[in-house]
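Protein chains: 2
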Amino acid sequence: MKKIKVIGSYITKFGELWDRSLESLFEEAVFGSLNSVDGEKFTNRKVTHQYGTTMSEAKFKLSDIDAVFVANMAAGQFANQLHLNALVSQMLPNNPVSFRVEAACASGSMAIEMAELGLLSGRYRTVLVVGAEKMTDAMVSDSTKILAGASEYQKEYGSTFPALYALLAQAHMQEYGTTTNQLAKIASKNHIHALNNPKAQFRKEIPIDVINNSMVVASPLRLFDCSPISDGAASVILTTKNIKKYSNKPTIEGFGHGQDSLSLVDRKSLTELSATKIAANQAYRQAKVKPKDISFAEVHDCFTIAELLACEDLGFFRKGEAGKAIDNNMTTYGGKLVVNPSGGLKACGHPVGATGVKQIAFLSEYLEKNSKIKGKTFALAHNVGGSGATAIVHILSKTNK
Amino acid sequence: MKKIKVIGSYITKFGELWDRSLESLFEEAVFGSLNSVDGEKFTNRKVTHQYGTTMSEAKFKLSDIDAVFVANMAAGQFANQLHLNALVSQMLPNNPVSFRVEAACASGSMAIEMAELGLLSGRYRTVLVVGAEKMTDAMVSDSTKILAGASEYQKEYGSTFPALYALLAQAHMQEYGTTTNQLAKIASKNHIHALNNPKAQFRKEIPIDVINNSMVVASPLRLFDCSPISDGAASVILTTKNIKKYSNKPTIEGFGHGQDSLSLVDRKSLTELSATKIAANQAYRQAKVKPKDISFAEVHDCFTIAELLACEDLGFFRKGEAGKAIDNNMTTYGGKLVVNPSGGLKACGHPVGATGVKQIAFLSEYLEKNSKIKGKTFALAHNVGGSGATAIVHILSKTNK
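Line by line, the protein sequences are chains A and B.
In this text, residue positions in the first sequence follow numbering that gives the first Met the number 0: the first is 0, and each later residue adds one.
In this text, residue positions in the second sequence follow numbering that gives the first Met the number 0: the first is 0, and each later residue adds one.
Worth flagging that the hints you see were computed from the coordinates, not collected in a lab.
Fair warning: there could be bad hints in the mix.
Computed list of lysine-lysine pairs in DSS-like fashion (alpha-carbon distance at most 25 Å, straight line) [as the list claims (entries may be wrong)]:
(1) B/K1 <-> A/K2
(2) A/K2 <-> A/K244
(3) B/K2 <-> A/K1
(4) B/K323 <-> B/K335
One-sided excerpt, in silico: chain A residues whose CB lies under 7 Å from chain B [stated by the list, open to error]:
(5) G31
(6) A73
(7) A85
So the derived list for chain A, only partly shown, Cβ under 10 Å to chain B, looks like this [to be verified]:
(8) S20
(9) A74
(10) Q80
(11) L81
(12) L86
(13) M109
(14) L116
(15) K144
(16) A147
(17) G148
(18) S150
(19) L261
Where a beta carbon is used, it is the ideal one built from N, C-alpha and C, also for glycine.
Let the hints inform the model, and build the full structure from the sequences given.
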């Protein structure tokens with residue numbers, strides 16, 4: 000595969016951002032990632048006087064952006080705003096070619112994948128990917144209905160997402176003896192990780208007994224097993240140009256994409272997400288690495304059981320063994336690998352269209368700070384749509400000489 | 000550019016399809032295009048016994064489909080169904096990788112463009128593109144509101160699409176003396192073309208005086224200047240594999256993509272769509288043809304004025320001269336070129352997410368029946384999102400030896 004470098008990134012604060020519009024979130028992320036690259040600087044789209052100023056050829060310029068890929072799940076329902084590619088493109092003075100992608104909660108990683116196809120095609124050499132979701136303006140009951148649009152409404156309407164994942168949790172408990180306490184440990188760990196992430200929605204340690212005694216949402220899942228409703232945006236800039244200049248920047252080593260049936264009733268197994276396995280195998284093969292080579296992973300923990308399934312389906316632990324591994328602190332600092340160093344969807348927050356982009360942005364920044372002093376460090380991002388109908392996996396690396 | 004062949008296509012009936020669901024429209028188009036290729040045949044997704052049967056290597060098989068690209072504008076609002084890539088992928092027994100694209104009324108051509116990037120990247124060799132929209136289940140007032148999601152709702156909310164295009168019509172009339180009778184001629188011509196298209200929503204000749212006396216929707220646009228609200232789907236199969244075998248199939252010679260501001264207030268000119276000009280120039284350059292080489296064009300006539308603008312912005316006639324050319328029958332059978340042989344959005348119908356795919360499907364089939372006996376025949380497809388914020392142009396050819 001042609002080398003793709005992550006040369007810029009930005010993540011807005013995630014949370015209940017009452018004073019922010021969808022557009023302002025997009026704008027902050029777009030200009031945030033542009034300003035993170037060594038080159039032209041922008042205040043916002045109104046201040047464009049720096050655009051086109053003569054700069055050394057080696058520096059990054061706005062005009063280097065050949066195309067923009069926009070991820071969002073449901074601004075149509077949340078704000079009656081579609082055609083988001085045009086909304087974002089016009090923020091930039093050069094009004095670049097732009098695309099909008101939707102794949103429910105996997106919209107973000109799908110936009111990254113589309114951008115990669117654009118780069119690999121040779122048609123584009125530098126692209127910007129941005130994902131955003133503004134969810135908190137809707138009533139919680141409306142948000143729940145809107146999110147249900149990610150499952151097959153003819154077959155699963157009436158089932159909320161917690162109910163679907165609760166079925167997966169029950170199946171896993173029955174088959175492998177997984178306990179609610181192991182699920183609670185996942186939530187607790189992700190809240191601890193979020194203490195180190197200033198962008199996270201919740202930066203507070205939650206004791207295990209508080210989690211275990213929180214209200215039941217869909218048995219066995221309790222309040223603290225569920226990711227929140229969030230506002231937020233994230234952006235990355237990817238390039239295949241001047242690769243040598245960016246040798247110290249993270250590299251996308253491989254990506255994979257799997258599909259499964261939209262509704263649980265059509266699945267062969269309820270104790271795994273086969274789309275994750277397909278996507279992971281593709282990505283590992285392309286990156287020429289094995290699960291044991293991964294040091295950090297951002298996985299799709301929309302519910303605690305989803306992180307447990309991911310840890311098994313991504314190959315970090317054998318099927319049925321992730322519960323115990325989590326209990327033994329194997330997925331936090333000092334463990335086999337750090338899963339969800341950002342706090343994950345659970346504690347960092349889950350503005351759905353932003354999540355997949357945030358994973359890549361976060362891991363790029365995390366790799367820059369936490370890679371091995373010498374050699375290559377690998378990180379993995381895993382983003383899921385619906386209850387596992389779409390899964391996309393990315394593998395990144397950072398090399399220090 | 001690597002050669003891309005259109006090896007299969009299908010268009011459902013367009014119209015008010017009260018007995019059809021979004022899913023059934025997708026399904027008819029997907030299996031319709033698969034069955035149009037010489038190879039494995041399928042009845043529908045329930046009958047899969049022919050999948051995997053041993054066939055000669057040369058024949059097309061379902062397993063040749065590497066990826067599916069799904070176009071839809073607003074099923075989120077119309078049916079609370081998102082995650083449409085997964086919805087379509089699960090119709091196929093091999094559950095292929097799938098993507099969903101949205102760019103308002105340009106969703107269809109953007110899905111084709113994304114599919115082309117996928118093919119040109121080398122990651123996929125044969126892809127299926129399908130677009131569908133099921134609009135008539137909503138009240139007309141709701142549909143109008145949903146369609147407004149294609150413009151910038153903070154700046155243009157309250158303006159319906161007819162009102163925005165009426166402003167463009169007024170500007171063109173004032174600057175170039177374009178008349179309402181010339182606009183009426185466009186509608187009349189497209190209704191005549193639709194008489195020859197069995198899939199068209201309206202297959203009835205509409206006399207000029209009926210058009211000129213129909214009710215005013217947004218002055219100067221009357222009822223018959225506006226495209227209808229429609230249900231429908233279309234699909235094409237594109238490949239870069241076994242090109243020699245498909246030498247008699249239409250070829251995609253080039254494509255271009257332009258962006259402009261979402262709202263009219265930010266435009267430099269109201270008498271042209273600059274996004275169309277950018278897209279057309281790219282496509283002509285890539286295809287190495289000029290506007291005069293085009294024999295057939297499907298252009299985005301959501302309103303009659305939109306076809307007139309397209310005829311100028313695509314270079315078929317000079318700025319300000321399309322009105323007279325249309326009056327002189329230059330854009331119908333026997334003219335300089337045939338514009339909207341399908342009847343266009345106006346008479347064939349405009350299920351928004353399907354339109355851009357239908358243009359390519361229709362032109363491929365039309366070229367197979369109407370290309371020059373010897374030599375190369377060129378056709379152009381032009382699809383617009385909103386009031387011109389996104390425009391995508393494709394150029395196809397068919398060669399007879």
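Hint-by-hint comparison with the structure:
1. B/K1 <-> A/K2: holds, 21 Å
2. A/K2 <-> A/K244: holds, 13 Å
3. B/K2 <-> A/K1: Between B/K2 and A/K1 the Cα gap is close to 21 Å, so the pair holds against 25 Å.
4. B/K323 <-> B/K335: It holds: about 13 Å lies between the C-alpha atoms, which stays within 25 Å.
5. G31: Because about 21 Å separates A/G31 from the closest Cβ in chain B, which is outside the 7 Å limit, the hint is violated.
6. A73: holds, 6 Å
7. A85: It holds, given that the least Cβ distance between A/A85 and chain B is near 4 Å, below 7 Å.
8. S20: holds, 8 Å
9. A74: Given a least distance of 8 Å, the restraint on A/A74 holds.
10. Q80: holds, 5 Å
11. L81: holds, 4 Å
12. L86: Given a least distance of 6 Å, the restraint on A/L86 holds.
13. M109: Given a least distance of 6 Å, the restraint on A/M109 holds.
14. L116: holds, 5 Å
15. K144: This interface hint holds because 7 Å falls under the 10 Å limit.
16. A147: With a closest approach of 7 Å, the A/A147 hint holds.
17. G148: With a minimum Cβ separation of about 4 Å from chain B (threshold 10 Å), the hint on A/G148 holds.
18. S150: A/S150 check passes; min Cβ-Cβ to chain B is 7 Å, inside 10 Å.
19. L261: At 5 Å from the nearest chain B Cβ, A/L261 passes the 10 Å test, so the hint holds.
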